[in-house]
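*Asks:* Work out the full structure: start from the sequences and follow the hints.
Sequential numbering of the sequence shown, starting at 36, is according to the working numbering.
Warning: the hint list may mix true and false statements.
[Stated by the list, open to error] The calculated label-pair distances, taken between Cβ atoms and stated as ranges, are:
(1) 78 / 279: 39 to 49 angstroms
(2) 230 / 161: 18 to 28 angstroms
(3) 152 / 78: 48 to 58 angstroms
(4) 158 / 48: 35 to 45 angstroms
(5) 281 / 151: 41 to 51 angstroms
(6) 303 / 230: 54 to 64 angstroms
(7) 281 / 77: 43 to 53 angstroms
(8) 45 / 216: 18 to 28 angstroms
(9) 37 / 241: 43 to 53 angstroms
(10) 237 / 210: 17 to 27 angstroms
(11) 172 / 283: 16 to 26 angstroms
(12) 288 / 91: 35 to 45 angstroms
(13) 275 / 62: 14 to 24 angstroms
(14) 80 / 264: 37 to 47 angstroms
Just so you know, the hints here were simulated from the structure itself, not pulled from any lab data. Think of the CB as a built atom: it goes at the ideal place given N, C-alpha and C, for glycine as much as any other residue.
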Amino acid sequence: MLNKIVEQVSAPDMKLESIWQEPYPEYGSDGLKVATLLNHTGEQENYDYHDCAKPNPTPLLLKLTELHKFLTESGFNIMGSRLLRLDPGTFLHEHRDFVYLENVPRYRLHMPLITNDQAFITSPGLNVHFKKGYLWKLDPKQTIHSACNFGKAPRIHLMIDCYVEETLQALIDQQFLDQDALHTLPPLTEELREQLLNSAQLAYSAGNLKDAEEILLAAFCKYDLFALQDGLTTYDLLTQFFQRQSPARVLEERQSYWQERLVEVYPERKAHQLASV
Numbered sequence: 036m037l038n039k040i041v042e043q044v045s046a047p048d049m050k051l052e053s054i055w056q057e058p059y060p061e062y063g064s065d066g067l068k069v070a071t072l073l074n075h076t077g078e079q080e081n082y083d084y085h086d087c088a089k090p091n092p093t094p095l096l097l098k099l100t101e102l103h104k105f106l107t108e109s110g111f112n113i114m115g116s117r118l119l120r121l122d123p124g125t126f127l128h129e130h131r132d133f134v135y136l137e138n139v140p141r142y143r144l145h146m147p148l149i150t151n152d153q154a155f156i157t158s159p160g161l162n163v164h165f166k167k168g169y170l171w172k173l174d175p176k177q178t179i180h181s182a183c184n185f186g187k188a189p190r191i192h193l194m195i196d197c198y199v200e201e202t203l204q205a206l207i208d209q210q211f212l213d214q215d216a217l218h219t220l221p222p223l224t225e226e227l228r229e230q231l232l233n234s235a236q237l238a239y240s241a242g243n244l245k246d247a248e249e250i251l252l253a254a255f256c257k258y259d260l261f262a263l264q265d266g267l268t269t270y271d272l273l274t275q276f277f278q279r280q281s282p283a284r285v286l287e288e289r290q291s292y293w294q295e296r297l298v299e300v301y302p303e304r305k306a307h308q309l310a311s312v
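*Replies:* Next up, the structure:
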């Protein structure tokens, strides 16, 4: 079944290259691409997350007959589904999902279709390689996470957002985690932090503010930030970077933007952020 799904997804006549879109540029580096399969409207280019008891298939899913069959026969109470592609070198910023949706039990399931051993889902201090041939579970609202692909070829996962019901709960009751999929990240040290900030400074001095920001944002996927300071985030690294610069409106706006993201991802930091204004 998996091989047939991969064959269809990879088939030239599916013309996926013309369907992939990058709808979330503010949440990751270039190369984060999405193709929707099930959503609340059935529109191919609707990338919004909505609570939805009966999602509609997109034109792409209707062409991917093996995948459509799998989703239909899965028995899962599906809220939505999509293909998520990470091109080589792509990473997401540390984040949570479903922040503004109903507070009901749900999980995100990942089925790796095309992957490599340098593609990971990251939580603080830990990279997990989602191996092909398994269905992987993530609580994207409670777990601060990222995804990255530092391999040489694109990584494509089938993502299924599901409400918890009997079929899914039965799988959860039998879940296991292979220890060889876990990769502890090296600790961030004061010396490494300074190197990152200096690299960001060089990029900014060369006129590349986005590159400067991404040098620091990628640190979540490369280092255990908490090893240096409990609760340290890439958004704190960005604040430290901005504080080293001469005052400028564009930098003030960017710093404010990332502080808002910090509170979105770590709502417990809101009181601290307000107190520091």
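*Asks:* Indicate, hint by hint, whether the structure satisfies it.
*Replies:* Going down the list of hints, with the structure as the test:
Between residue 78 and residue 279 the Cβ separation comes to about 45 angstroms, which falls inside the hinted range of 39 to 49 angstroms. In this structure, residue 230 and residue 161 meet the distance hint of 18 to 28 angstroms, their C-beta atoms being roughly 22 angstroms apart. Residue 152 and residue 78 have their C-beta atoms about 35 angstroms apart, which leaves the hinted 48 to 58 angstroms range violated. About 38 angstroms separates the C-beta atoms of residue 158 and residue 48, a value consistent with the hinted range of 35 to 45 angstroms.
Evaluation of the 41 to 51 angstroms hint for residue 281 and residue 151 yields a pass: the beta carbon distance comes to about 42 angstroms. The supplied range of 54 to 64 angstroms is broken by residue 303 and residue 230, whose beta-carbon atoms lie about 29 angstroms from each other. Between residue 281 and residue 77 the Cβ separation comes to about 51 angstroms, which falls inside the hinted range of 43 to 53 angstroms. At about 24 angstroms, the beta-carbon gap between residue 45 and residue 216 stays in the expected band of 18 to 28 angstroms.
Judged by the Cβ atoms, the range 43 to 53 angstroms given for residue 37 and residue 241 holds: they are separated by roughly 45 angstroms. Range check, residue 237 to residue 210: Cβ separation about 45 angstroms, and the 17 to 27 angstroms hint is violated. For residue 172 paired with residue 283, a C-beta distance near 44 angstroms fails the hint of 16 to 26 angstroms. Here the CB-CB span from residue 288 to residue 91 is close to 38 angstroms, well matched to the stated 35 to 45 angstroms.
The beta-carbon spacing between residue 275 and residue 62, approximately 21 angstroms, falls within the hinted interval of 14 to 24 angstroms. Checked against the hint of 37 to 47 angstroms, the pair residue 80 and residue 264 passes, with Cβ atoms roughly 41 angstroms apart.
Hint compliance for this structure: hints 3, 6, 10 and 11 are broken, all remaining hints hold.
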